[in-house]
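Based on the hints, put chain B in the right spot on chain A.
Protein sequence lines, in the order shown, are assigned to chains A and B.
Counting in this note's numbering, the first sequence runs from 1 upward without gaps.
Counting in this note's numbering, the second sequence runs from 128 upward without gaps.
All clues given are correct.
No farther apart than 30 angstroms at their CA atoms in a straight line, the calculated lysine-lysine pairs in the DSS-like style are these:
1. B:Lys524 <-> A:Lys123
2. A:Lys124 <-> B:Lys518
3. B:Lys518 <-> A:Lys123
4. B:Lys254 <-> B:Lys289
5. A:Lys123 <-> A:Lys81
6. B:Lys289 <-> B:Lys181
7. B:Lys524 <-> A:Lys125
8. B:Lys336 <-> B:Lys422
9. B:Lys129 <-> A:Lys6
10. B:Lys254 <-> B:Lys422
11. B:Lys230 <-> B:Lys264
12. B:Lys524 <-> A:Lys46
13. A:Lys124 <-> A:Lys46
14. A:Lys96 <-> A:Lys79
15. B:Lys241 <-> B:Lys230
16. B:Lys524 <-> A:Lys124
17. B:Lys289 <-> B:Lys336
18. B:Lys254 <-> B:Lys518
19. B:Lys218 <-> B:Lys241
20. B:Lys518 <-> A:Lys125
21. A:Lys116 <-> B:Lys518
22. A:Lys79 <-> B:Lys518
23. A:Lys22 <-> B:Lys524
24. B:Lys518 <-> A:Lys22
25. B:Lys422 <-> B:Lys237
26. A:Lys58 <-> B:Lys524
27. B:Lys237 <-> B:Lys264
28. A:Lys58 <-> A:Lys22
29. A:Lys46 <-> A:Lys123
30. A:Lys58 <-> B:Lys518
31. B:Lys181 <-> B:Lys209
32. A:Lys46 <-> B:Lys518
33. B:Lys336 <-> B:Lys209
34. B:Lys524 <-> A:Lys116
These are calculated hints, taken from the structure and not from any lab test.
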Amino acid sequence: MAYSDKVIDHYNNPRNVGALAKEDPTVGTGLVGAPECGDVMKLQIKVNAETEVIEDAKFKTFGCGSAIASSSLATEWVKGKTLAEALAIKNTDIVKELSLPPVKIHCSVLAEDAIKAAITDWKKKHS
Amino acid sequence: MKLPIYMDNHATTPVDPRVLDAMLPYFTDRFGNAASRNHKFGWEAEEAVEEARKNIASLIGADPREIVITSGATESDNLAVKGVAWMYREKGDHIITCVTEHKAILDSCKHLEKDGYRVTFLPVDNKGFVDLDDLRKAITDKTVLITIMTANNEVGVIQDIKQIGRIARERGVLFHTDAVQAAGKIPFNVNEMNVDIASLSAHKMYGPKGVGALYVRRRNPRVLLTPVIDGGGHERGMRSGTLNVPGIVGFGKAAQIARDELASESAEMFRMRERLRTTLERELDELYINGDLEKRLPGNLNMSFAYVEGESLLMGINDIAVSSGSACTSASLEPSYVLKALGVGEDLAHTSIRFGIGRFNTEEEVDYVANRVIETVRRLRDLSPLYEMAKEGIDLKSVHWAAE
Chain A
1 MAYSDKVIDH YNNPRNVGAL AKEDPTVGTG LVGAPECGDV MKLQIKVNAE TEVIEDAKFK
61 TFGCGSAIAS SSLATEWVKG KTLAEALAIK NTDIVKELSL PPVKIHCSVL AEDAIKAAIT
121 DWKKKHS
Chain B
128 MKLPIYMDNH ATTPVDPRVL DAMLPYFTDR FGNAASRNHK FGWEAEEAVE EARKNIASLI
188 GADPREIVIT SGATESDNLA VKGVAWMYRE KGDHIITCVT EHKAILDSCK HLEKDGYRVT
248 FLPVDNKGFV DLDDLRKAIT DKTVLITIMT ANNEVGVIQD IKQIGRIARE RGVLFHTDAV
308 QAAGKIPFNV NEMNVDIASL SAHKMYGPKG VGALYVRRRN PRVLLTPVID GGGHERGMRS
368 GTLNVPGIVG FGKAAQIARD ELASESAEMF RMRERLRTTL ERELDELYIN GDLEKRLPGN
428 LNMSFAYVEG ESLLMGINDI AVSSGSACTS ASLEPSYVLK ALGVGEDLAH TSIRFGIGRF
488 NTEEEVDYVA NRVIETVRRL RDLSPLYEMA KEGIDLKSVH WAAE
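So that you can see chain A by itself, here it is in the shape it has in the complex:
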């Protein structure tokens, strides 16, 4: 399978790899996928409680190149956005940006799920 240049770039130079402290009240963690399915994404956001702006984002992904690229791109996109703006990111935006083929659309869905799960986790801490 041929990968798009953008997928290859994210795979070779993944943005925002790493981990934030899960217990930190300013951090929301999303863990989606399952090892049996071949994809697991962990996406974390650090949110300013006053402004609800995502000040930092980190990810780690077990999965194919498209899964790595989708989550890398997701962290890039959510940084600097408010929670409401981040929630508006759709998997189709990721598909378009990375030129993902139909068999890899699930990777973008997973990345969208990861953003939502991280936001949900953060909101739980602040409810």
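Okay, now just chain B, sitting in the frame of chain A:
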């Protein structure tokens, strides 16, 4: 050293230059139809085919008259399974095979099931072996064929063919083996191993694609087959169609080289395989070998790199050609059915890589591959949430995954 490196020799092998040299005249000067009985062109072609047939037979200890030329192993497998089932329909309607067989066998069996035949698909243990007691118990007075491959194409595991053949013979059941991966790589003799029918392929032994053979025993017992392809009655009526003379000449040459060099070549494959395996195991933790390590093709290494998805690993070593059992690399989106049959969990199946070392690989290439794999696995593990969790002592099996 030239990049990319080819280390996927179970999928196919390059044509040996000596094989190509032998083939070339048969495309142009000696282009005759081996079935033309009344001129020099035909005689020349026929002579070349018979010489090749001798070499193919000699590789497996057979008589040249027992070699039926086909278009490849898929056709050979189809002819063996369907040919026996159709020929011996009066005698019985039961076939025994195994879950890790090649799709050409499994799908031929499933085809027959739809036509009313009964098929037993024997399981394998976690090393990849068929249990001989299971086999004995599965045989009934309606069993006409046992078909078990000699060496598996994914995990390289070598079955106890001699014993399986003995059991089949004791019970008066014909025994077919798909010997595609084994022939030319390990000693394989149809008489010593009690084999009645065997599938071979040229392109797995440094011959050309599009040509294969089916060994069909002529005596003790004499095996009869109903042809799958009807026509001009070539190959003693078992496989019609104008013979692919250059391909057959190449197959013959490939078989001759494989026979002459088998001992030294298999020792060299084994040495390089072990060099690759021990280097990887020294430098990386949490590696799992899929299938038995001892009874295995010398050039095969099938390994799971836990917490690193196979396709992403392949992407990282994109100057090396190997295969993965990961779902993402196959058209079916299912991880390897062979690994599944061995009880390898889907999580580990997704992280498996098959290395197939062949005649033209060098030690320098093996070292390059080892280093590239090591650095890529390390990089991807740094990126893997599963590796991080495992290192934190979290039991991944106990995690409630959102996708489940």
